[in-house]
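A.B. asks: Listed below, chain by chain, are the residues.
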Amino acid sequence: MAGFDHLKPTYFEECAELLDVAYDQLPAIADARADAETIHAIFRAIHSIKGGGGAFGFDRMVAFAHRLETVLDLLRDGRLALQPQIGSLLLRSTDVLSDLIAGARTGEEPETGMEADLLQDLRNLEAGAATTVIAADEAQTAPAPAAPALAPRRYRIGFSPHANLFRSANEPLLILRELRRLGMLQVSPDISRLPELAALDPDDAYLAWTLQLETTASRVAIEEVFEFVADDCALSIEAESDAEAAQPASPASAPAGRDAHAAPAEAEPPRAAAPPTAPQAPSLSIRVDVDKVDRLVNLVGELVINQAMLVQLGTYLPPELGSGLITGLETMSQHLRELQESVMAIRAQPVRSVFSRMPRLVRELSAQLGKEVKLVLTGEATEIDKTVIEQLADPLTHLLRNALDHGIEPPDVRQAAGKPRQGTIHLGAEHRGGRIVIEISDDGAGISRAKVLAKARARNLVAADANLSDEEIDQLIFLPGFSTAEAVTDVSGRGVGMDVVKRNIQALGGRIAVESRAGRGSRFLLSLPLTLAILDGMAVAVGPETYIIPLTNIMESLRPKPDSIHAVIGRGDVLAIRGEYVPLTYLHRRFQVPGAVDDPCQGIVVIVESEGTARVGLVVDELLGQLQVVVKSLEANYGPVPGVGGATILGDGRVALILDVSRLDDRKLDRPHQPPRPAAIPSLH
Amino acid sequence: MNPNPDGAAPMQQNGPAATPVSATLADIAQQFITFTLDAQEYGVDIMMVREIKGWTETTALPQAPHYVRGVINLRGIIVPILDLRARFGMGATEPSRMHVVIIVTTAARTTGLLVDAVSDIVSVEPGAIRAVPQMGQPIEESFLEGLVPLGDRMVTLVSLEGLIGATQAGGTEPHLH
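Quick note, the sequences are listed as chains A and B, same order. Here the working numbering is used: position 402 in the first sequence is 402, and no number is missing along the way. With positions in the second sequence counted from 1, the corresponding number in the working numbering is that position plus 1000.
Incorrect hints may have been included.
[What the hints assert, rightly or not] A short, non-exhaustive set of chain A residues, derived as facing chain B with CB atoms under 10 angstroms:
hint, residue
1, Leu325
2, Ile326
3, Ser469
4, Thr546
5, Val593
6, Ala596
7, Val597
8, Gly639
9, Gly646
10, Gly653
FYI, nobody ran anything at the bench for these hints, they're computed from the structure. Even glycine gets a Cβ: it sits at the ideal position worked out from N, Cα and C.
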């Protein structure tokens, strides 16, 4: 099936969506409140995954999906009662299925036999459900032990396709082949309706078949073969042995002869009879290449800049000409802004795609840690830029792990503290003031401040005599190399904890905050921009140049007094601020810009901080104002520039560089241009 | 054939000294846009020229080589401008409104070349291109593709891959990510 390879990415995308559907609905089964519609939705999802997987030859995954599907089918028919254990079994099975899919995608086969236990559990369920339900195809489910073999049964199947079946691009031959895989198949065509050649309508269906199938497979398995065509054909399945003959007729059977074409046709169902223009249900969404959307985003960004330039030009015109133009341009500006938002909205996706991975994590971890935890998700439909979503998974995983590992107490401890044995973790998202706020809160023990402080002192992260407020102590957990886990566990606490989370969030232009109450739990708030394509920045002037400093990096800005600037020999200057010494970086020296203010007391010092690097004061001439800029790549046509994260285009059409504060701290370039001292210390590199 | 995606003509005029080319020759001949630096005439493959525009102020890039004038906004993309005179070791250009930037695209990169003026479009038969003699000139040989005699003039063909590839490698300080 190598010819289908180009379809694989689409298939895996669909798998992800289908798994999401399944995960969405599965909790209802665990809570035993699922209705037939819910089960059917899960069944369809698993069935579609199986169907596609078969086409690509992912046998292992298909075999597992098949087993899962069979159990779902039993639930759907009511032959298996809804129980919480089944819900959790199905959840774990879906987890394994998603692993198998991931294996098929990456080509890295998951460990052999990892699904064997679950397969056996699923089988046991089947066996318990009804003796008439039998394992269909042992050959396919190689890793699992064989189920008891049962005597083959004969079925008589009447299959008469309607013209619509061909129009939806289905092929009876494939269905017959599929049946043949279930057992011995005898096929006799019914050509009685075939008309004279002259009267033959090539788009109509005239053929029918009578099939004799001898198989150990269940009626359900046979019905499944016709799953996709059941509505487009007359179908009857009768068991010749009495055991199944007593069963009511399959719901899939449609009254025969609904299509009363009494005319016969040529012997072979020609492919031409299935026109490729199959009428499809109107789709409510389309799949679009992200590149196309990005191009739209870029173009709209250009329009916004162009419009700003026109407004500026309009102001040069005499008022009698200019005023009308400017009014028109302002209207245009509103439309453009709407257009920009709409285009951005295309890129936006609900956070569900990353949230939906978390229940599994919580399930597995709580089992591993012996804790009872309920995860509550809210605001999954909140939309945020696709690129941001992709980079959220790691930080969220980390925060959840922490909440489970350090936050939620073991059940007995909780009970002793008068709390319910089961802990609750809340993961929620909402839009707030043009940003998205994600909250991870737990009702656990809260941050143990005494422990945090002791650890921080032990690691020299704070001075031994420092007097810190509760909030300041909470902030210590974000320091690099800080970990409070008493024992380093598999789960978290490898010393690369919250500082990495903070760095990841900051790299996304976000901020992270923590609130904690002893014995009541902790709450982490992540505030993120809706998109990475647009950045909130502060424009600063350095000589004739304008630079943009990302707002998320800026702590404060001030004009220092002369007595707060001190020179440190060989190290440049520092600014004394509230008992702390902040090194100064003169942007004009760093970037070799002539004609800039050299005295910090004449200019402005912007104090910036970034991902774990110490605070630095940037000396600039003046602040020009806060603005939203569209981020452009410098690397596309040039290359990386140290200290510069990208570029943007200002309202006058000129390019301004956006500073990358984390890469600006290049001390040696920062010293005043002095002759090197004779006993220069060799620099370490 | 039009290398300019905007449909605007890349050249306003053909110079008076344009070499007359017969239609049959033009089919197999390569076309070059020629430009001047001081009195010298250089040529670049017309198929790589995206557009020609007047000089606009650039935004300087920190720690860039001396021949990188900075970047400009070309309808929303950020394009670096190379001072070709400086690149060829002939001193920095003092750009005025009369100076011209040739926007060229090589591989996936778009770059602007600051030159004195654009002079001509010439068709050159492949056989007419002479190898560049080794002369120990300040211009690196990888920048040059060949020499073309045009009557009493001589056009030096510039290798854009060599030029921009070299800029790419040495254009920024090597640093680790």
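A.B. asks: Hints first: check each against the structure and report whether it holds.
C.D. replies: Going down the list of hints, with the structure as the test:
1. Leu325: violated (22 angstroms)
2. Ile326: Check failed: Cβ of Ile326 of chain A comes no nearer than 23 angstroms to chain B, outside 10 angstroms.
3. Ser469: violated (38 angstroms)
4. Thr546: holds (8 angstroms)
5. Val593: Holds: closest Cβ of chain B sits about 7 angstroms from Val593 of chain A, inside 10 angstroms.
6. Ala596: For Ala596 of chain A, the interface hint is violated, since the closest Cβ of chain B sits about 12 angstroms away, which is over 10 angstroms.
7. Val597: violated (17 angstroms)
8. Gly639: holds (5 angstroms)
9. Gly646: holds (8 angstroms)
10. Gly653: holds (6 angstroms)
In this structure, the hints that do not hold are numbers 1, 2, 3, 6, 7, in rising order.
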